[in-house]
Amino acid sequence: MLSPKNQKCREGVQIPFLEKILKENQKTWEQLENNFDETTGKQQERLQAIEKTSKVKSNIAELTKAIEYSKKMEFFRHPNIPQNIPDEHIWNDAWYDEKRNSWVTLNDYFFQLENSRTRDIQVKYEMENIANIGIIIEEEKIQFRCGLPSILQKDDKEQPTWYALPTLYDVMLTKEIVKGTLKPETQENAYLYTTGSESWISVLGRYLTEQEYLFACEFMIGLVKMPLNILRANVGRPYDPKEYKKTMKQWEEENKDWEKQQKKNK
Numbered sequence: 001m002l003s004p005k006n007q008k009c010r011e012g013v014q015i016p017f018l019e020k021i022l023k024e025n026q027k028t029w030e031q032l033e034n035n036f037d038e039t040t041g042k043q044q045e046r047l048q049a050i051e052k053t054s055k056v057k058s059n060i061a062e063l064t065k066a067i068e069y070s071k072k073m074e075f076f077r078h079p080n081i082p083q084n085i086p087d088e089h090i091w092n093d094a095w096y097d098e099k100r101n102s103w104v105t106l107n108d109y110f111f112q113l114e115n116s117r118t119r120d121i122q123v124k125y126e127m128e129n130i131a132n133i134g135i136i137i138e139e140e141k142i143q144f145r146c147g148l149p150s151i152l153q154k155d156d157k158e159q160p161t162w163y164a165l166p167t168l169y170d171v172m173l174t175k176e177i178v179k180g181t182l183k184p185e186t187q188e189n190a191y192l193y194t195t196g197s198e199s200w201i202s203v204l205g206r207y208l209t210e211q212e213y214l215f216a217c218e219f220m221i222g223l224v225k226m227p228l229n230i231l232r233a234n235v236g237r238p239y240d241p242k243e244y245k246k247t248m249k250q251w252e253e254e255n256k257d258w259e260k261q262q263k264k265n266k
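Heads up: the sequence shown begins at 1 in the working numbering, then just goes up one per residue.
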């Protein structure tokens, strides 16, 4: 897996591309609104118009969210992405191919999907003798969710769930994204992704990255909230001894205060 340490950090470069798509959706929404009266008395057409309008409104909301996400999050350009792909079309190891009106990803997850290399669009793509071949996906199958280009997949319960097209490192995660994987409030909030950062913290039968753990501490009831520096020291990972002593002292004091508060509440 690509290490982000060797790549140039990029913030907000996707905004021009996202704004272009947003304007296209806003124009479509206006056209649908203007033409809506023409469906009066035509039940089937009206239902279709309502469905299209609802989808476009959702796209507008998600693209607006994606623009804000792009302003704050860090991304990296995977070295195997073709040089002719502009930075504004890239989300780490996934990108939009304007020439083919499709999306492409180098995310390992998609290579492992059944029939990922035998689809007609993929066979044609690979026949063009492209170096560093990725998995190509039709544009209409990709929508933005949680600020990222995503595609509907099935989770371990066979429920349709949005899956991030790019591989995500800790610097790209948000509480919404992590909660969507660990503890979604509803199926609509569920969200899956491939992590590029090392998962080494054991929590409830699975391993989390450091940022996943920090977010999990915010919403998982009963999770022991141990500082990262202490966790690192406990498992023999590199840590700062001075920071460790400071953190340990502070953590012990916080635990004592918590225990006192629990006794008062009894």
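One should not assume that every hint holds.
Unchecked claim - No farther apart than 20 Å at their CA atoms in a straight line, the calculated lysine to any residue pairs in the SDA-like style are these:
#, residue 1, residue 2
1, K99, K65
2, K65, R206
3, K23, E33
4, K225, T194
5, K27, K55
6, K65, A49
7, K256, R206
8, K141, N129
9, K225, Q187
10, K141, E62
What the hints assert, rightly or not - Just the calculated beta-carbon pair ranges, DEER-fashion:
#, residue 1, residue 2, range
11, G222, I21, 16 to 26 Å
12, Q44, T118, 35 to 45 Å
13, S202, K23, 43 to 53 Å
14, K141, V13, 18 to 28 Å
15, E38, D120, 50 to 60 Å
Since the hints were derived computationally from the structure, they do not count as laboratory data. Quantities reported herein were computed from a predicted structural model and do not represent experimental measurements. Just so you know, even glycine gets a beta-carbon here, dropped at the ideal spot from N, CA and C.
> Can you give the numbers of the hints that this structure goes against, from lowest to highest?
Replying inline: 1, 2, 4, 6, 7, 8, 9, 11, 15
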